[in-house]
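Q: Using the sequences plus the hints, can you model the full thing?
Chains as they are written, first to last, in my numbering: chain V, 1 to 493; chain P, 1 to 74.
Hints in this document: simulated from the structure, not taken from any laboratory.
Keep in mind it's a predicted model, so treat the numbers as computed, not measured.
Where is the CB? At the ideal position from N, CA and C, for every residue including glycine.
One or more of the hints may lead you astray.
[To be verified] Below, computed lysine-lysine pairings styled on BS3-like, alpha-carbon distance capped at 25 angstroms:
#, chain 1, residue 1, chain 2, residue 2
1, P, Lys13, V, Lys392
2, P, Lys37, V, Lys44
3, P, Lys8, V, Lys269
[Stated by the list, open to error] Covered stretches of chain V, going by a simulated chain P footprint (3 or more residues, C-beta under 8 angstroms):
#, region
4, 276-287
5, 448-462
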Amino acid sequence: MAALTREETEALIQEVLEIYPEQARKDRAKHLAVNDQSLEKSNKCITSNRKSQPGTMTIRGCAYAGSKGVVWGPIKDMIHISHGPVGCGQYSRAGRRNYYVGTTGINTFGTMNFTSDFQEKDIVFGGDKKLAKIMNEIEGLFPLNKGISIQSECPIGLIGDDIEAVAKKANKEIGKPVVPVRCEGFRGVSQSLGHHIANDAIRDWVLENRDGDDSFPTTPYDVAVIGDYNIGGDAWASRTLLEEMGLRVVAQWSGDGTIAEMEKTPKVKLNLIHCYRSMNYIARHMEEKYKIPWIEYNFFGPTKIAESLRKIAALFDETIQAGAEKVIAKYQAEYDAVIAKYKPRLTGKRVMLYVGGLRPRHVIGAYEDLGMEVVGTGYEFGHNDDYDRTIKEMGNATLIYDDVTGYEFEEFVKRVQPDLIGSGIKEKYIFQKMGIPFRQMHSWDYSGPYHGYDGFAIFARDMDMTLNNPCWKQVKVPWKTEESPKVAIAASA
Amino acid sequence: MPSVMLKKNTEGKLVFYVPKKDLEEVAESVEFDSPEKWGGEVLLSDGSKYYFEPIDGQPDFPVTLRAKRLDSGE
Ligand code: SF4
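A: The following block contains the structure:
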């Protein structure tokens, strides 16, 4: 299908909005836009980070999900207590695929669920005593843990427990960091505030731990990777490139990360930010307090990788700059072969995305390296500064949708007819049943890594495997077998 | 009176960041910007104006300072 013109896209948005009652229509209209590359600032065309409309189906998570699930959860040698009723932690357990090395239950705890399992009496009489007891139990059962974080679920804030006091006391008793995090699910409009709260907790309870301690030998090439959660091994595929160019990666935040790495981060020379949305706060803080500069980079697809490697290298001396060139040259044959193999199979295919923190803009380059085009994108919980960074990456007249509702997304897809959709598990089966190839772009659909040159090869293979899968020819309903599946859907719309 | 995080970008221009509002803007002009005195009215590229109490000498960027919004009654 030919690309929509600006007018057609605008008309499509109007058409989709039609169905809402007036108030909701007014609100949702602000969150849908046609991309205009000439704009410098996104607030001219789109509103974001606002409360979702009741009654529409949002795909957002809560602040607890942002803190426990995203930022703290992957720190592997700490135990993260989901403080409150059992469900919040149990239903999200091990779902994010943050890979790590270690023996689970002995010295790492990533995929386990620790909870204070609140009962009625804890709500009525308070849960502080129980929390204190849990700390001692943890120490007894898992002595190799390097610290504990307390991830508050909704009730904690409602009943007014003093988890900070419990944390301070436990910290003295066990002699390890104990971090209270006030990330109750009701705070903010999405998981995004949870990221911020989690960053602030790291700032207040972890980052200063080694101030004034110079025993850690530093080098001029020390960097920290910030905002890479090692989904399917992403951080590993990134780290190798940085190390090959001559840098020393001191810390990984927080995929496969440890508390010791976080404590050492204030000693690095440069912070490298992959997921800007979830960790820019701590980078800005370190810049102000420790004078550590930070830059954003993008390790999806060879074009962006080379761009990023050079950008990072430019902040160091010639050895690193030469190192970057060496890395790019070293992998060239590899990624050229990937492109030669898959581009002919994927070229001209159109993709719609709807994901979280950084991917709605970061993966665009990787698709373009394969000759594909991203025709619609949006963030679950992005802010203005995310959309500022998206406008230039997206083609003109493409669709941009913020906190898209289930209904809107379906209608857009019916009209735009993309060849591939990249979003999450909640969207996957709806679109597959509509006969449209789908990839989960949160968990990489149980695949990955997608970062780095190694990841690009897997990314290309996965996209091809999904898009050109013969099964899509089989999803035609019998009474429409004469028509192509696409026409069938358009007709039923 | 928002708290504003200020830093210099690679071109030496002042970058203005208000965490609460996700506002990230480059400053077009700063009223007093000399080694002896810094502050006053700051005009951002989006047209909004803020006021910083002038101080002697340059602040040690990056730094968080309190500013007054001038052009709107928020
Ligand atoms: S909103 Fe509250 S109850 Fe629901 S998952 Fe988040 S923390 Fe738990």
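Q: Hint by hint, note whether the structure agrees.
A: Each hint tested on the structure:
no.: 1; hint: Lys13(P) to Lys392(V); verdict: holds (21 angstroms)
no.: 2; hint: Lys37(P) to Lys44(V); verdict: violated (35 angstroms)
no.: 3; hint: Lys8(P) to Lys269(V); verdict: holds (17 angstroms)
no.: 4; hint: 276-287; verdict: holds (count 3)
no.: 5; hint: 448-462; verdict: violated (count 0)
Checked against the numbered hints listed earlier, the structure breaks hints 2 and 5; every other hint is satisfied.
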